[in-house]
Amino acid sequence: MSIGELIFLLTIIVTMGGALMAVLSGSVVYALMGLVTAMFGVAGLYVYLDSPFLAMMQILIYVGAVSVLIAFAVMLIGPLYRRPKEWTTAGKFGAALGVALVTLFMFVRFVTETFPRVGKPSFAMTTKEIGRLFFDNLVLPFELISLLIVVAILGAIMLALFSRGNK
Amino acid sequence: MTDFFYNYLHIYLFVALFLLFCGIAGVVYRRTLIGMLVSMELIMNGAGLNLVALNRFISPENAYGMAFTLIIMGIAAAEAAIALGIILLIFRKYRHIEGGDLKEMKD
Amino acid sequence: MTVSPSAFITGAVSLITGLGVTIKAFFQPVVTSQYPRQLLNISPRFRGHTKLLADKDNLGKNGCIACGICVRNCPSGSIKSAEGEKREGEKRKTATTYILDYTTCSQCGICVESCPSDCLAFSADFNAAGFKREDFYYDLVKEFEKRKNAS
Amino acid sequence: MEQIVNMIGRETLKTIVGLIGVLVFVVFNALILTWAERKVAGHMQRRIGPKEVGPYGLIQPIADAIKLLGKEILTPREVDRPLYYLAPILIFVPVLVSFIVIPFDASLQVKDINVGILVILAFSSLSVFSILMAGWGSNNKYALIGAIRSVAQNIAYEIPLLLALLPVIMMANSFSLKTIVEAQKGLWFVVYQPLAFCIYFISAVAETNRTPFDLPEAESELVAGYHTEYSGMRFALFFLAEYTNIFIVSAIAVTFFLGGYQGPFLPGIIWFLLKSYLLVFVIIWLRWTYPRVRFDQLLNVSWKALIPLAFINLLITGGLLKL
Amino acid sequence: MVESIKTELGAALQGVEIAEANYLERGYHLSLEVASGELLNAARFFDERGFYLAAIVCVDYREYLELVYLFANHASLCKVKVTLKVDPAKPVAPTISAIFDCAYWHEREIREFYGVLFDGHPNMTYLFLHDGIDFYPLRKEQIPVTDDDKRALGSFRPGEGEDTFFVNLGPQHPSTHGVLRVVLKMDGEYIEEAQPVLGYLHRMHEKMAENRSYLQFLPNTGRMDYLGPMAFNLGYVTAVERLCGIPVPDRANCVRVIATELNRISSHLLWLGAYLADLGALTPFLFVFDDREQINDILEGITGSRLTYCYFRFGGLYNDVEEAFIAGTKAFIERMRSRFSLYEKLVGGNVIFINRTRGIGVITKERARKQAVSGPVLRGAGIPMDMRKTEPCAAYGEMDFDVPVGTRGDALDIYHVRIREMENALKIIEQALARLPEGPVMAEKAPKKLKPPKGDLYHTVETPRGELGIYIVSDESDKPYRMKWRVPSFSNLMIFPELAKGNLLADAVAILGSLDLVIPEIDR
Amino acid sequence: MEKVLDLARANSIWPLTFGLACCAIEMMSSAMSRFDLDRFGAGVFRASPRQADLMIVTGTVTKKMAPVLTTLYDQMPSPKWVIAMGNCAISGGPFVFEGQYNVIEGVDLLVPVDVYVPGCPPRPEGLLEGFLKLEEKITGTRRFPGPESRW
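Quick mapping for you: the protein sequence lines, in order, are chains F, G, H, W, E and D. First residue of the first sequence: 85, per our numbering; consecutive thereafter. First residue of the second sequence: 2, per our numbering; consecutive thereafter. First residue of the third sequence: -7, per our numbering; consecutive thereafter. First residue of the fourth sequence: 1306, per our numbering; consecutive thereafter. First residue of the fifth sequence: 286, per our numbering; consecutive thereafter. First residue of the sixth sequence: 19, per our numbering; consecutive thereafter.
Don't read these hints as lab results, they were simulated from the structure. Every value quoted in this text rests on a predicted model; they were computed, and no experiment measured them. You may find that some hints are simply not true.
[What the hints assert, rightly or not] So these bits of chain E aren't anywhere near chain D, every CB distance computed over 12 Å: (1) Q299; (2) G335; (3) V377; (4) R466; (5) E477; (6) D510; (7) G586; (8) T593; (9) S623; (10) R643; (11) V690; (12) P725.
[Claimed, not checked] Straight-line C-alpha distance at most 25 Å; calculated BS3-like pairs for lysine-lysine: (13) H:K16 with E:K630; (14) F:K212 with W:K1627; (15) H:K53 with H:K124; (16) E:K786 with W:K1446; (17) E:K370 with E:K291; (18) H:K72 with E:K764; (19) E:K425 with E:K375; (20) H:K16 with W:K1344; (21) E:K630 with W:K1344; (22) H:K16 with H:K72; (23) H:K48 with H:K138; (24) W:K1446 with E:K470; (25) D:K81 with E:K425; (26) D:K21 with H:K134; (27) H:K72 with E:K734; (28) D:K81 with H:K124; (29) H:K140 with H:K78; (30) H:K72 with E:K733; (31) E:K370 with E:K764; (32) H:K85 with E:K733; (33) E:K655 with E:K291; (34) D:K81 with E:K492; (35) E:K492 with E:K736; (36) H:K72 with E:K492; (37) E:K425 with E:K736; (38) H:K138 with H:K78; (39) H:K53 with H:K78; (40) E:K786 with E:K470.
Just so it is clear, CB atoms sit at the ideal spot from N, CA and C, and this is done for glycine as well.
Using the sequences and the hints, build the whole thing.
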């Protein structure tokens, strides 16, 4: 096994472990930490898929923006809030087992049957190409997403203002 | 050369599936809204991974998968911002963030 | 916080003048007096703890007559005892022990002012420090003898 | 795929050596900077600063470091242990990653990644996380408020920081730091982009939590902010990371706006360090001059001034480049 | 003014005898004794006519406890003493905290030191003392605190609840300059409620005063307000001189003015530095200490001490000044004048500083009167009240100086008032130096042992922080029967909870700093 | 090894920002331009007890303050030191009298004190001397011959 494979396996374990932690841990903070771990793992997988740009964007947006936002909300609410019990130990175990079984089943039943065991062909998509695509074939989704983000920002600001003024 | 682990589509798809089901389990069983949000993000991550992997293996001549993953990221960010605004608002109003107990959403 | 351009400019100018002050100070000489190496000129009136002065008529012995006025007048009871004995051929007593508990002294100078024989003065001991509280229970008579022998 | 195999195979050694070099540099840099900070502060306040420990007090930071290492390793009872332990370690990851891609000289760079600047920016968000973990894990109110402030501040200033770097990326047509430096053969980008430079610098000072934006550790309000409960070695790690971050933001500013390692006569590395430490000096200088801004003012500066300005600047740059 | 108040008061309170007092001997113009039913009427009367409540003093005469309410006026010199006798076995009095807000704290203080219950007071918890004290410290006889009382008193504890988030500012906190503790109830970064907890440095000065002779108490004055000890010294010696009728030589008076003003500058300088340190700028702190060192050198040259000077004596000074002092002071004036522009550049003009302080902690004139704030804080609110002008002691009457006032009443105004006060202090010092006469510095017939005649006196001086009132009751012995210190910081702190409410945590620090508190003075 | 550690500790004493009363002003003075504690590496005042090595008790400790003070001391990681600065901290100073009910008569009753610096307040030189004494205690040797005590 080469170092590359080893790291790849590690990345997968980290991703899956993080996902499990995100779902199963009792405290929201740990769930968030799990989520961040999983996101990092996915970013690592993107590197293996020859798209470092996407990996960096994954970290930048998911870790840098989304999870920080969630963390921010947790901290704001946190000190005042007694966390309810989310999982019992048995429930945790069962859930993990269930997820694993379902995944395995789906994987065997559909994925392996649908997609062939292909090797990775060579690939030369650069950041430039993705950009081109956005302004070419995908211009409508791109515009829509921009609009969505603007609306989201406005909405978030409005919500924040509203809650402040409400008091 | 090509028989490294990381050259097989199935592994990526397996991880993506795993993320998806973890996310679903979380959304269903989590009681706090923030916990649900975390699980939603997991689902989105799974979807993104799926797209990129398929793009990479099935149709390497274009980059639609990657582009859509970027779009998903944008949506995730926007969704997180809005969701958190709502959660904070709910918290201010009801002093808790447990989804199951939110019977009335009208005001 | 709407900022008009002129306010913005004055603000920026004020920030830069602030930087100017500190960079000017950066190149000015330091004002530090490096204590163990250098000493400040401490005022001769500096109030350390008290010390006994010599008798005006007889420089060989201390001037304290153990009258106890300072003991009574001290606001915080720092002067524990001032005892003396009457030596032969002298009109007044001479102190044999004069215990000052410096750790309760407030350096107000009332003892110095009230001393009828003007034999108390402030020492210039400006840097006392020690490892024990008891280091600062001074016997001023013994200390006076020590000073006398040293000079 | 070929690339990756090659990278891991052949360049592993180079990367490891580079990492060790980076570690040594990080420690050395922090030692120098703590000394310089105290010395500069001292002279700005017309005093000497460290002097008695070694010549010109140069041994001072080493004494501090040894002392901090020799302190009792103390874990407060009420802390959330995993988070508390992890935070000071995690704050170091982005620091190390950033050093990998910074070109100290034309040939002195651990790895030239073609999305270099994105690596730095992406990983810098990790430091926010470690601050959050520290604040939450400490189970201390001051630390928590400090952490919340830090996050809000980082969210607010990450955007103008990025937006200020984008025009340069557009002009150089690359994410790679080395290419950006090479693109400044003629004129430095600061000449074309003075506004972007100012915005970047302000945001960078805010990102490193330095006065006048040091709200997360505002001493008069929050005792010591997010690292209130940390002592000894763990505190030293935070300290180290803070000073390394100062250097990194200066280094990026130099790379992006001040021509990186380019300069006449002297070797590139000297020019690079010279420029970087000059900016570090400015940051220290700011700290010892200004009072701290208030929380709402801090956010206002970013949302109402820096971000719109940066956007306008970006639009103008884009337009001009197309023409 | 005094006449009209007297007739109006006579009309308002039927059947109450109003005595005119000799102001020069007693420090107040009118005195009247009311029954507990009429106290509220009297308080309302004074409230309507724009008086402020300078202090409430309790005196234990063994047969009865006497509550002394001292009213004074910002507009003109008219002080009224209202007394109320209370049964020592079952001490109850009506509260006037609904009319004068500052009574809220004064009454709490009296409750714990004398055990007087105030009927209708909203919060009678411990303010100064800790739980372990089981007697009323200032009563002449040791009376144990009953269990009921103890339970009712109890020291302050922040309530525990799910929805509250408390932050302690102090007692060990970088921004409190000592051991003040403020418990802040927070909503995010905003303050919902601020509650100061005092007494972490309660050093029993008032109790000590009853145990010591007049002279022996003198060193304590410098330790009450360690930043402006000269003014406290001055207040105490002039009070005792006024009580005993000791004349003071002209030269001593001039030197007193110079020393006090120098001390005022050093106090304001330290405030400036500490305030800026609160706001996050450390360099000004060191710059002002540089200037302070100059003042310390000058003052140490005459007093022999750097901080707790203890320089004035009844009837004069501890020792005479020399040429070096005069030369040094002149040099310092030169130096200081040039430093103001530096501070203006570094601090006053700095846009961050202005934005941090403008509109923060706005004090209206009405609030200032109700809370009886004084000193620069009061002048920042726009009321030109200065005891150096209205009741000049030492040689202040012959000095020409301005009383700077603010317009908005915010922290920035208070900053400007303090800076201009320093400039005026320089002016005063210059004048005093110019007319420094030759002669002795100690009155010739200053008695060795002081036994003031029977009576009471309310004497006020302007300290760097505001109105210092000393209320002395003498019973012809060599020790004061009761000595109450009406300290400026105590009154100034009282306004803080109100100012902090609804502001950011950072603003609270800025407001607390602008009040310039010295904790030992508050705690006494 | 232990020696190097001691040397480092002695030369990098970070005090806790902990002002109680009058002496706190003199403690600040000694950190300021004129005296500059930072020369000895001791100028880094930390507000959090977790990061401090030295507690300078500057002033009167009252019974209300005592639990706070001991808590702070407990929060400091060892090795830690205490300097009792000023007479109040050493023995309650001028505030000790018969019937006093609120002052702790000496901070050494609460926490172990390493160095005592008497005075009311001591001059900054006194505090610097205290620091040198503390260095002496840590390393076992006195670094500066230092100025003689002047009686």
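Let me make sure I understand: some of the numbered hints might not hold for this structure. Which ones are they, in numerical order?
4, 6, 8, 15, 22 and 26
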